[in-house]
Amino acid sequence: MSSLIIVRNLKKHYPIFGGIFKRRVASVKAVDGVSLEIYKGETFGLVGESGCGKTTLGKTILRLLKPDAGNIFFDVPEDIINEIVELEKTNPKSRRLKRLREQYDIATFSGERLLRLRRRMQIVYQDPTTSLDPRMLVKDIVAEPLVAQGIAKGEEAKKMVVEVLKKVGLGEQHLYRFPHEFSGGQRQRIAIARALVCKPEFVVLDEPTSSVDVSVRAQLLNLFKDLQKEFNLTYMFISHDLSIVECISDRVAIMYLGKVNELAPTQKIFKNPMHPYSQALISSVPIPDPKRRKERAPLAGEVPSPVNPPAGCRFHPRCPLVMDVCRKKEPQMFEVEKDHYVACFALAKR
Amino acid sequence: MDLSTKWEEIKVAWEPRIKEWKFMLKRMRESPLAILGLAIIIGFVIIACMAPILAPPTGPDPFILKVDTEFSVLTPQPTPPTVKHIFGTTGEQYDIYYACIWGTINAFRVGLLVVVIALIIGLVLGVIAAYYGGIIDEILMRFTDIIIALPGLVLSMALVIAFPTIIPLDITLIILVISAILSIIFAAFKPERKFLLPTQIVLFASLLLYIYNPIFIGLNLSRLDKVLISLAIVGWPGYARLIRGEVLRVKNEDYIEAAKASGCSDLKIIMKHILPNTIYPLLIVVTLDIGSIVLTAAALGFLGIGAEPNFADWGNIISRSREWISSPDLLVQHYHTFLIPGIFIALFVLGWNLLGDALRDVLDPMIRRR
Amino acid sequence: MEEDTLLEIKNLVVRFYTYAGIVEALDGVNLKIKPGEILGLVGETGCGKSVTSFSVLQLVPPPGAIEGGEIHFNKDGKIIDVRNLPKDAIRQIRGKDIAMVFQEPRAYLNPVYTVETQIGEALLTHRKSEFLKRAIEALEKAGKKSSFEKKVYERMLKKPKSIVTKILAKFSRQKTLKEEIRKEVVNLLRSVEIADPERVAKMYPFELSGGMAQRAVIAMALSCQPVMLIADEPTTNLDVTVQAQILNLIRELRKTFKSSILYITHDLGVIAELCDRVAVMYAGNVVETADVYELFESPLHPYTKALLESIPRPGQEFKSIPGTVPSLINPPKGCRFHDRCQFEMEICGKVKPKFIEVKKDHFVACHLYGGQK
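Chains as they are written, first to last, in our numbering: chain X, 1 to 350; chain B, 351 to 720; chain L, 721 to 1093.
So here's chain X without its partners, still in its complex pose:
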């Protein structure tokens, strides 16, 4: 499968200012060296607990945030990527590398080029109440990307808005209303319509069903699936709800404290999680079947602060398989079985 997005060693730190002169005292290492690939047309699930950096990762890939280090390649031919990787290893200061990066690496984009990029990647936020401007009519909300990008205006924009509203299950009668006149599920549909109106290729879904009623969730998830088929979309589905991610994703990455621990196709990772954190996470999910109650020891301790993550492997203070090397060096991702990547020293030994 061809890759739509390749992320290499992405880092995003939020500075913490302190002292009289507000100098950068420390930083929250929200995303601290993440590399992954998203294939065209797939649903890529990203799970983790609060503070692991999944939302930051999604927004950084969309360039809503500027990364502090690393590359993001969006729809770049494979040979160019290989060339860049080679050059970085052999000749990091070459001018050709710099030119290639400026041309293809969207981490360096700004201004006009970034604006044109926005048309191809969009985001649907978690809470539809705050992601829609309460003072704007639905027509203006959904037409905004068209107007801002200069794609269409006025009547033409209105036609495109009606078209996309019909696709998400709303209609022309909803054009001239305010968001607060709708239910949570409908508002989320408006947000989806806004994301799709300029026909993007890649959509980041940031916990799109968390703020919505349980009975509406299934409707929205079915809508996502239908839209993906119809418009040939690639999704990044960010969630902390593992049961939903299990049902909708093709591949899943599990994040912890700014790094990806495990990455594999959905079935493999849920049937056979290898990383100790993944195992603890997946077994913590309560199963809706009382006959399968487990008396299991839950994962001890709490997630450390991302300002001062533990040295070496981030998970080592809570890991049952901790070894000496885990305290000092950071494990790299390696392929433990086909398509199944893990970053763990204990597993590498076997």
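I should point out that these hints are in silico values taken from the structure, not numbers from a laboratory. All of these numbers come straight from a predicted model, not from anything done at the bench. Even for Gly, the Cβ is constructed at its ideal location relative to N, Cα and C. Be careful, since some hints might not be right.
Cβ-to-Cβ under 8 Å is the rule here; a few derived chain X residues that face chain B [stated by the list, open to error]:
#, residue
1, I16
2, L64
3, S131
4, R135
5, P145
6, K338
Starting from the known structure of chain X, arrange chains B and L on it as the hints suggest.
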């Protein structure tokens, strides 16, 4: 596109906003104090509009009070209300009724002008400070702090004394400076191209004019106008701080980031998203302020830093009664010189205050409902 | 009310009088909790679970009011009509016999007081005489038999309400009493599995993580050894690993303290993990109550069936319940679920089904099972 469908469309587009306003009005109707406030203000508006009918102008400039020569010959003291002068006259034989009626127009002018000027300055500075943050925020807010430290009373006095009545303004210089600032802003913040180019054209044109043929205009500022300017200068920091707080709150909401993700420029985000969502608390403060500005202007007028002695202004008329404060019997005898204009001022301020309170009660749940 | 029931709610009706209209929040809710059991109350947002829990302690906020039904609480063998209790009597019960734990723990902790101060306040409110006695004993053991402090404590025990006592209490620094309370707070924090309880006791709520704050709130709720704990979605905002820890904790605490728990949630997985019995709510009614195994194995009410089917299963289409939750301002006539029900009959839109026992200990409100009686 024929007219009838266009009209239909407009009707449909405005329907939800009209529904919102109707809901607002319904809430307001439920509070008797709100209706009272509204009634008072409407009453004053009627008086202001019907001033030429209620009190026929005495000359080319209706705001200049005429001395009633009949009475002035007879006595230097204020005359109590009679048929000819319904509210009586002041010591200089100015008709109080006439002054109160035309003073209404002046009150509206003072209140609205000061508030609008202060609002514009405060809005622009507050929004820029809050939206861009960082060092711009620091600089603008420290500048605001300096302005807050200025004493309003002293500033008014200084302006009244220092500025001549006719100020020669170099229009070309003003246009030059404004277009220079605008072109810097547009170049730095990169909104659409179509703004930058005409601004730069204007810049160069005014530069040429300034060098070769500056145009002067004499700006005629009455004393009251100078007081207005000083009140506006002292008034805008409050608005700036208020809107800054609101913008800081709204700035981090998801829909602002979504607008950025859609590709909106900063200016568009400010105008279309941030301002409509932050302006409501400001509207409430503005209505309350109109009343208090008029009160302040009247107080300044009483102290003598207001309009010229023969100007139709409430504060001015009350200041005519300064001579009678010392002795209590005289005060009671000439009650009409200060009581009647005082009632006008009090009612005016009361009306705006009630209106502002009612607006706050109505807008608060509406904001929270969202 | 039956012998072995701790709390019984019969036909509870609660209405909210708002600008938009009268919200019929609860329309005849029936619940029964036995001592020592965990009853799960499950339903979607807006179905009235929280309102039910607030009604038990007369905490329904205005513009809401309890307008019908009965709430009976079995306190040490005496059956009390909680709904009509006067204010100071209900305050005796709140916190002491029935305690509550809420969804967002840091919203329910006062941010300007330390954990120690807040739990200490709860202890002082309900167990003051016990701690006074402990303080007196501690002083006697330390050999200070006739100190001023001891006399103050003794007087506080004997004549708690006199003005002289209150003035004297202000003069004394009450060091020993505070020390006793602090020791108990640390014990409580240790019992909810907080590591390093001494340090955590001195922290402010904003310094606590979500999981720790929730444990602190649970500690506060359990401080007076209540016979019943109402937990309103306590783990919804927590990460799934922390949720597993808290669920484990609740199970342990049930064994130690033997209190009943009314556990409110919308997560069927948590219900299956934790509860003994389950009550399913929809739009202001309890539609089904059963033992947890029975409910998951053979649900009777169509809504329960639809809820269980809508649990996402990998490889299958997502099943949803058609339609939306009705507005409670003008609720549907008859059974409130009838317009979304796939088994709808004519009578469902006209007559409200009664809540009857269809199988042993399995109650349903549905015309399919003869709800007309």
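Taking the hints in turn, this is what the structure says about them:
no., hint, verdict
1, I16, "15 Å, violated"
2, L64, "6 Å, holds"
3, S131, "4 Å, holds"
4, R135, "4 Å, holds"
5, P145, "4 Å, holds"
6, K338, "36 Å, violated"
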